[in-house]
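Q: Heads up: the sequence lines are chains A and B, in that order.
Residue numbering for the first sequence follows the working numbering, starting at 424 and increasing by one per position.
Residue numbering for the second sequence follows the working numbering, starting at 424 and increasing by one per position.
Check before you lean on any hint, since a few could be wrong.
[Said to hold, decoys possible] List time: in silico DSS-like cross-link candidates among lysine-lysine, alpha-carbon distance up to 27 Å:
| hint | chain 1 | residue 1 | chain 2 | residue 2 |
| --- | --- | --- | --- | --- |
| 1 | B | 447 | A | 447 |
| 2 | A | 539 | B | 661 |
| 3 | A | 452 | B | 656 |
| 4 | A | 742 | B | 475 |
| 5 | A | 616 | A | 447 |
[Unchecked claim] Chain A is nowhere near these chain B residues, computed Cβ spacing over 10 Å in every case:
| hint | residue |
| --- | --- |
| 6 | 471 |
| 7 | 506 |
| 8 | 818 |
Treat the hints as calculated values from the structure; they're not laboratory data.
Beta carbons: idealized from backbone N, C-alpha and C, even for Gly.
Protein chains: 2
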Amino acid sequence: MEHKKEDFSEWYNEIIDISQLTDKRYPVKGMNVWMPYGYSLMKNTDEMIRTKFYEDEYEEVMFPSLISRPMFEIEFEHIKGFEKELFWITRGGRESLEEDLAMRPTSEAAIYPMLKLWIRDHADLPKRIFQIVQVYRYETKHTRPFIRSRDIHFIECHTAHDSYKDAEEQMNLYRREWDYFTKKLCLPYMEVKRPEWDKFPGAVYTIAFDTLMPSGRTLQIGTIHEYGSNFSKNYDVKFAKEDGTSEYVNQTTFGMSERLIAALIGIHGDDKGLILPPFVAPTQVVIVPITSADSNFESFVSEIENLVRNSGFRVLVDKNDNYTPGYKFNQWEMKGVPLRIEIGKREAESNSITISLRTRKGRIKLNKDDISQIKNLLDEVESDLLNKARKILSDGIEGIKTSGQESSIKTFILCDNEKCARSIEAKTELDMMGHILNYGSKGKCEVCGNEGRTALFSRPY
Amino acid sequence: MEHKKEDFSEWYNEIIDISQLTDKRYPVKGMNVWMPYGYSLMKNTDEMIRTKFYEDEYEEVMFPSLISRPMFEIEFEHIKGFEKELFWITRGGRESLEEDLAMRPTSEAAIYPMLKLWIRDHADLPKRIFQIVQVYRYETKHTRPFIRSRDIHFIECHTAHDSYKDAEEQMNLYRREWDYFTKKLCLPYMEVKRPEWDKFPGAVYTIAFDTLMPSGRTLQIGTIHEYGSNFSKNYDVKFAKEDGTSEYVNQTTFGMSERLIAALIGIHGDDKGLILPPFVAPTQVVIVPITSADSNFESFVSEIENLVRNSGFRVLVDKNDNYTPGYKFNQWEMKGVPLRIEIGKREAESNSITISLRTRKGRIKLNKDDISQIKNLLDEVESDLLNKARKILSDGIEGIKTSGQESSIKTFILCDNEKCARSIEAKTELDMMGHILNYGSKGKCEVCGNEGRTALFSRPY
Numbered sequence: 424m425e426h427k428k429e430d431f432s433e434w435y436n437e438i439i440d441i442s443q444l445t446d447k448r449y450p451v452k453g454m455n456v457w458m459p460y461g462y463s464l465m466k467n468t469d470e471m472i473r474t475k476f477y478e479d480e481y482e483e484v485m486f487p488s489l490i491s492r493p494m495f496e497i498e499f500e501h502i503k504g505f506e507k508e509l510f511w512i513t514r515g516g517r518e519s520l521e522e523d524l525a526m527r528p529t530s531e532a533a534i535y536p537m538l539k540l541w542i543r544d545h546a547d548l549p550k551r552i553f554q555i556v557q558v559y560r561y562e563t564k565h566t567r568p569f570i571r572s573r574d575i576h577f578i579e580c581h582t583a584h585d586s587y588k589d590a591e592e593q594m595n596l597y598r599r600e601w602d603y604f605t606k607k608l609c610l611p612y613m614e615v616k617r618p619e620w621d622k623f624p625g626a627v628y629t630i631a632f633d634t635l636m637p638s639g640r641t642l643q644i645g646t647i648h649e650y651g652s653n654f655s656k657n658y659d660v661k662f663a664k665e666d667g668t669s670e671y672v673n674q675t676t677f678g679m680s681e682r683l684i685a686a687l688i689g690i691h692g693d694d695k696g697l698i699l700p701p702f703v704a705p706t707q708v709v710i711v712p713i714t715s716a717d718s719n720f721e722s723f724v725s726e727i728e729n730l731v732r733n734s735g736f737r738v739l740v741d742k743n744d745n746y747t748p749g750y751k752f753n754q755w756e757m758k759g760v761p762l763r764i765e766i767g768k769r770e771a772e773s774n775s776i777t778i779s780l781r782t783r784k785g786r787i788k789l790n791k792d793d794i795s796q797i798k799n800l801l802d803e804v805e806s807d808l809l810n811k812a813r814k815i816l817s818d819g820i821e822g823i824k825t826s827g828q829e830s831s832i833k834t835f836i837l838c839d840n841e842k843c844a845r846s847i848e849a850k851t852e853l854d855m856m857g858h859i860l861n862y863g864s865k866g867k868c869e870v871c872g873n874e875g876r877t878a879l880f881s882r883p884y
Numbered sequence: 424m425e426h427k428k429e430d431f432s433e434w435y436n437e438i439i440d441i442s443q444l445t446d447k448r449y450p451v452k453g454m455n456v457w458m459p460y461g462y463s464l465m466k467n468t469d470e471m472i473r474t475k476f477y478e479d480e481y482e483e484v485m486f487p488s489l490i491s492r493p494m495f496e497i498e499f500e501h502i503k504g505f506e507k508e509l510f511w512i513t514r515g516g517r518e519s520l521e522e523d524l525a526m527r528p529t530s531e532a533a534i535y536p537m538l539k540l541w542i543r544d545h546a547d548l549p550k551r552i553f554q555i556v557q558v559y560r561y562e563t564k565h566t567r568p569f570i571r572s573r574d575i576h577f578i579e580c581h582t583a584h585d586s587y588k589d590a591e592e593q594m595n596l597y598r599r600e601w602d603y604f605t606k607k608l609c610l611p612y613m614e615v616k617r618p619e620w621d622k623f624p625g626a627v628y629t630i631a632f633d634t635l636m637p638s639g640r641t642l643q644i645g646t647i648h649e650y651g652s653n654f655s656k657n658y659d660v661k662f663a664k665e666d667g668t669s670e671y672v673n674q675t676t677f678g679m680s681e682r683l684i685a686a687l688i689g690i691h692g693d694d695k696g697l698i699l700p701p702f703v704a705p706t707q708v709v710i711v712p713i714t715s716a717d718s719n720f721e722s723f724v725s726e727i728e729n730l731v732r733n734s735g736f737r738v739l740v741d742k743n744d745n746y747t748p749g750y751k752f753n754q755w756e757m758k759g760v761p762l763r764i765e766i767g768k769r770e771a772e773s774n775s776i777t778i779s780l781r782t783r784k785g786r787i788k789l790n791k792d793d794i795s796q797i798k799n800l801l802d803e804v805e806s807d808l809l810n811k812a813r814k815i816l817s818d819g820i821e822g823i824k825t826s827g828q829e830s831s832i833k834t835f836i837l838c839d840n841e842k843c844a845r846s847i848e849a850k851t852e853l854d855m856m857g858h859i860l861n862y863g864s865k866g867k868c869e870v871c872g873n874e875g876r877t878a879l880f881s882r883p884y
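Using the sequences and the hints given, assemble the complete structure.
A: Following this line, the structure appears as structure tokens:
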């Protein structure tokens, strides 16, 4: 396998292939097949997000994938921002369609004409819905699995509120949810307020969650948008107030995608392969029996399997006789399974198991009666992954050389003025991503001397 | 509400609207919004199917939604069968695409070019995959929610085998799975072998599962197809045998869709609204407190809620103060919740609850300690729904007048000859659906006197 640090791009492509997350050979450019292992990882991630959204009382819906041209053209900034990326359906069977249909690149233009019908008065607010669907973008840039594709697995929340203040509180709820999701995925992030010229088409402002990939490039893995009444004015989404007048709703959105998978592949993996966060790993515990079978031994293996499963973990016993234990160890390490249990004759006779964690060297002996320790060991993997990744990110922000390489992101104290940002862009040949809200500090703009705060410059994916 | 028996079509549309399963007002023809209640019902159904397929060791995948024209044109019968129904994407952004892309109407043409890459030798067989996705058909007929739409929720299995015999065994596995699914959905069905001229484009033969809607029309709610090597020869899907030669795989598919929802709405519902099968009902148990609150009373209600939830049921307490208990009873009956618990002061004081089932009149008193009885009561709803629906179907097949109406399906003993079928079609003005394999009997063809068996004639949706 390629060395991750020497050629991240090659390593990334290779690990996705050999761990069978996705198959890139599908004959349509930029569209890949989700293989069982990759689909399971995505589905566990979806389910984590869905469960949280249910707890927080969002309702799950599913909108059609197609949007007519008139629906799109209601919001001018929005169509302008997306028109280069739309796939257009112009024919049905052998006929030309009367009205061209776009495949959704995101669902504002699909959802808001319906919100207009659903929201009548104060009692209908706040309205909070989400959907987990595929969206489609005609990407002309180089495509790459999970990072930039044309058929994208997408999670989107849309909310409507009776005031800007309530919409802002929703933005804070998103932040707390995002913090929970990324802890479970062991992903560190910068909360970056995109500059005016780079916000979502139609938004009042955009907060992006950027993470740092080992290539030194940043990857946007989530966004939350405050729309105010920009969309509701165009889509005519109003609510009747008690005094008889009516007012446009304030709206927000939260978007995440399969890029979450890209981030956890890139950030956690090593030269042995994937390392998957326990919360979403398709297999959390793999049991490798390392001796030939007799019935006592087999029943001990089954007993351990059941104990682990009944503790609530996704467990798999690798009984394949065609491979050696050593080969299997390598395979499951490559697949990123966080915890491995070896059971040999000695273990069975002493009612014990031998454990290896994907995140540290050495083996751990455990008595059968202490099997509840597995939870703590998986928690250790989770916190080790998160802490290691956080250190790399904060080193990068601080400009500290990590593992001999110079950090390829740069930060400057900067004001809000576009000219100041552009002058730094010209000097660094990096893009201004925005002000970082969860790292750095306030200070004087390094270009003009006005009030400013730490801003991120990087080469984004 | 419309009376179901007087105008089924109107009743069907109205119940879907008022129970908020889907919203038909989406501005693209034939595409509807899955509302939270409808989406939850579909998701529970998906999950039932997914769980079964996992048990039976299918692997879940997700293919891209788009298929290029050359991929489609590999199998001539297949493209011929679908070409009138394809949505074609011809533009990306402002450019014309080099190669037109079709939105999948089903996924043979997407999956089989990849199977060619995945299957090399005997060890790769049997290969059994499934996906739960949206498919798209440019329907020119009248569209109707869940029955005929242009953006269809679809569940499809694809398998490959080393022999026709093994593929036939797969067909039997499908039958057992189908029997399980329909028991849980309380849906009776006819297993109908479609005639040669009406089989799936590219199949050796097609078995359809047809059910009878209260309109008297039949609804195809599932199909299993034996492809033999028809597709594998065209898509070049071969496996190497031990003797060094290679052979084309034998393939099968199993398809189901949102029509399962159409069937359970139509078949189980009554003039009060939906009646949902307990296994998939979004809310299985609704608790309606029928007194004003004091803290003792509220804690009793919570205790009951927790007991029901901890028994594994989806339960909801309707605490809304704006409506009377009577109004709530009607609402939840309309929504089809199978079991309702009323708790008043008297119940709380006597540690008991009052239960109503959606499928029978009268109330059931239950002591708190007997709450495990709820499982049996939900089982009663399940078997009542299934038995009632089965009787209506078998009466229909037998030509027995049900509830005063003449059965609108007809059966004849018929041979395999197309001419015989066509002559009956002309006489009855109904379509020949095929021979029924799970009802009826063998005998002499009523047209020509040759060997035959019971065949179904109906007006299908």
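Q: Next step is simple, just say for each hint if it's right about the structure.
A: Hints, one by one, checked against the model:
1. 447/B x 447/A: violated, 37 Å
2. 539/A x 661/B: Not OK: residue 539/A and residue 661/B at ~54 Å, beyond 27 Å, violated.
3. 452/A x 656/B: Holds - the C-alpha atoms of residue 656/B and residue 452/A are around 25 Å apart, at most 27 Å.
4. 742/A x 475/B: holds, 23 Å
5. 616/A x 447/A: violated, 34 Å
6. 471: About 16 Å separates residue 471/B from the closest Cβ of chain A, which puts it past 10 Å; holds.
7. 506: violated, 7 Å
8. 818: The assertion about residue 818/B holds, with a minimum of 37 Å to chain A.
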